[in-house]
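S.K.: What follows is each chain in one-letter form.
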Amino acid sequence: MIQVNHVFHDYEGKGKSAVSDISFSVEGGSIFGFLGPSGAGKSTIQNIMTGLLPIQRGEVLYEGKSVRGLNTAFFNQIGVSFEQSNLYSSLTGLENLKFYAALFSVPTVNPLELLDRVGLREDANKRVSNYSKGMRQRLTFARALINRPKYLFLDEPTSGLDPKTAVGIRELILEQKSRGAAVFLTTHSMELADALSDTVAFLYGGVIAAMDTPEALKRVYGRREVRVVYREDGEERERAIPMDDKAALAAFLTTADAIKLHSQEATLEEIFLRVTGKELTA
Amino acid sequence: MKSILSTCMQDFKRLLTNALFWVLTATLAVIVLVVNLALPKEMASETVQQLTYNAPADLAFGVPAESEAALREAVQEGAAIGFIFAKDSVTIVHPGYSEKTLQVYLLELEFAQSGAMPAIIDVSYLDEAAKEIPFNLRFTPIFIAFEALMTGFILGGALMLAEKQDGTVRALRVSPFGTAKYVLSKTLLFSLIGTLYASLICLLTVGVAINWGQFLLLSFFGTAIFTMIGLAYTSPFYDMSGWFFSMVVLLSVNMLPVMSYTSPAFTPFWMRLIPSYPILMAYRSAMFGGAADPWTIAISIAAWCVVSYLLALVFVRRKHLRGVKA
Ligand SMILES: Nc1ncnc2c1ncn2[C@@H]1O[C@H](COP(=O)(O)OP(=O)(O)OP(=O)(O)O)[C@@H](O)[C@H]1O
Ligand SMILES: [Mg+2]
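Protein chains in written order, with this note's numbering: chain U, 1 to 282; chain B, 1001 to 1326.
Worth flagging that the hints you see were computed from the coordinates, not collected in a lab. Just so you know, these numbers come straight off a predicted model, no measurement behind them. Glycine included, C-beta positions come from ideal geometry on N, C-alpha and C. Hints may be right or wrong, so weigh each one.
Unchecked claim - Non-contacting residues of chain B with respect to chain U, defined by C-beta distances greater than 12 Å in every case (computed):
#: 1; residue: A1026
#: 2; residue: L1159
#: 3; residue: A1162
#: 4; residue: A1171
#: 5; residue: G1178
#: 6; residue: M1255
#: 7; residue: F1266
What the hints assert, rightly or not - Here are some, though not all, of the chain B residues that point toward chain U, as calculated from beta-carbon distances under 7 Å:
#: 8; residue: S1003
#: 9; residue: Q1010
#: 10; residue: R1014
#: 11; residue: T1101
#: 12; residue: K1164
#: 13; residue: G1167
#: 14; residue: R1170
#: 15; residue: V1174
#: 16; residue: P1176
#: 17; residue: F1177
#: 18; residue: T1179
#: 19; residue: N1211
#: 20; residue: Q1214
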């Protein structure tokens, strides 16, 4: 389990915190979706958790042990996929993975298998300098999985990928979860977070504005609605009726000439807007 | 160990696509060609003729010139030193010899005039080792020290800068690959390359008859020292331009011991503190024998290995692996 307790970070040391009083925990075998607009502080938190940024205030604990005392054993257990892909461009995709695998003193995954899973098998022996942006991103993602990490950090793993590849990546992330990994998923994409996360946190302006399971958030903040498409005066019209207002719904359906019914849940996107009053634009 | 060797291999593959690597390799070929073809084996100054004009007939000294003008012309061409005799004086015409050299000629003239010329004059050179080194080969240690041994400094730095540019240094930072392994893997790679280059230069110029044990050890640890200094030095840099410029300054300071190498009389104490000093001296004794005190050299080089390793550890950790702006 990863625990983040009351973490603050001030880049310039001038009393202006990029993130303030951030607390949450990620259990093994679960996915924690960390959502927020650009500049909210998502990468800052991920960098503090992986030891890239020093902890200024607060604490990050792995199975109760502080990240301050990071050692080789810890780094053998984490996998990090970065926001910007960072690979050896003069090496091939396969060489990148083989090299990275050799850095670990724990068993690693067969690089070719991983490449296969992210759709890069055929480009395994191509130099990364000839890879497209999406290909690099997939390779960076694959690299994060090479040591079967117990703690997996993913910063925007599917942005800019075509739908088919994105589905493959989603499946891989879910596999990591069922393997027992604690997955910290940073993203702008409400849809991805909704589909994968056990818990989501909305980060806005450096603080957590809301945090719960996606279902609970929808229950609390969202309104479940039924949209009725009906015919009136020879025209198609539409009306939304709250699902819990059963009387109104029944009354309307008995009188109107209904053509289609949609039950609709509020999306995380809408909830985010309601919680923060701010659009979450990618 | 597995991770160190694997890093060596991948750094080597990265080198093969690096232009600087090929520039340095081409320089090696140029050096071999220059030493063998462009530099003379002996300097012309050793065949200076002593010309005299108007010398007493019984004087056993020099070769008479046809005229004063002919004498002056020969001196002008640099192939002679002239002695013009007058009633009570001798005028020496020379192309710019030092006072000391002129004293030697005057002494010889004095002997000739007094008729007390010793039958045999034996010349003994203070530095026995340097006596027989052909002129063109005398510079080989310098070429080796500042080409072969510098590959680690320059190319190690270039690889580090590329890691920063690619951002791969951040991937290394979240891996179990520590600073010590990082420094050792790069140092091992370049020590092997440096030793190979040094051996090639030596084989293709001086030949096989040298002290190979000393030569190989020296090349390996010499390259290691410069590689580690280079890693420490490059750590704070983010791009090629600032790094390259200041590197040239640093390398120039490191070249100062060449002065002491060519003129041993000029060896101030601070000169011995520059790492290339003991290395140059050790190369000379490995390749041409004599002179250098093996213990002083071994201790200086061992000390530099320790110092440069510690410097590399501290700087690479603080400024390269951990210090990159997140
Ligand atoms: N190295 C830095 N020095 C100073 N300020 C920084 C630095 N990195 C980030 N910040 C500031 O900290 C805040 C949070 O940045 P962060 O990169 O964590 O955002 P993010 O949520 O990851 O955004 P994005 O979605 O665009 O990646 C921003 O206001 C940013 O300007
Ligand atoms: Mg970010």
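S.K.: Per the CB criterion, is N1211(B) less than 7 Å away from chain U?
M.R.: violated, 37 Å
S.K.: So is A1026(B) really clear of chain U, every C-beta pair being over 12 Å apart?
M.R.: holds, 20 Å
S.K.: Any CB of chain U closer than 7 Å to the CB of R1014(B)?
M.R.: holds, 5 Å
S.K.: Can we trust that M1255(B) is non-interface, i.e. its beta-carbon lies farther than 12 Å from all of chain U?
M.R.: Non-interface label stands for M1255(B): nearest chain U Cβ at 31 Å, farther than 12 Å.
S.K.: Are G1167(B) and chain U close enough, Cβ to Cβ, to be under 7 Å, as the hint says?
M.R.: holds, 3 Å
S.K.: Can we keep the T1179(B) interface hint, with Cβ of chain U closer than 7 Å?
M.R.: Violated. Min distance 11 Å.
S.K.: Double-check R1170(B) for me: the hint is only fine if its C-beta lies closer than 7 Å to a C-beta in chain U.
M.R.: holds, 6 Å
S.K.: With 12 Å as the threshold, tell me whether A1162(B) passes as away from chain U on beta-carbon distances.
M.R.: Violated: least Cβ distance 8 Å, not greater than 12 Å.
S.K.: Using 7 Å as the Cβ threshold, decide whether Q1010(B) counts as touching chain U.
M.R.: holds, 4 Å
S.K.: For the hint on S1003(B), just tell me whether its beta-carbon gets within less than 7 Å of chain U.
M.R.: holds, 5 Å
S.K.: Hint check: is the beta carbon of K1164(B) less than 7 Å from a beta carbon of chain U?
M.R.: For K1164(B), the interface hint is violated, since the closest Cβ of chain U sits about 10 Å away, which is over 7 Å.
S.K.: Under the criterion of a CB-CB separation shorter than 7 Å, is Q1214(B) in contact with chain U as hinted?
M.R.: Because about 35 Å separates Q1214(B) from the closest Cβ in chain U, which is outside the 7 Å limit, the hint is violated.
Checked against the numbered hints above, the structure violates hints 2, 3, 4, 5, 11, 12, 18, 19 and 20; every other hint is satisfied.
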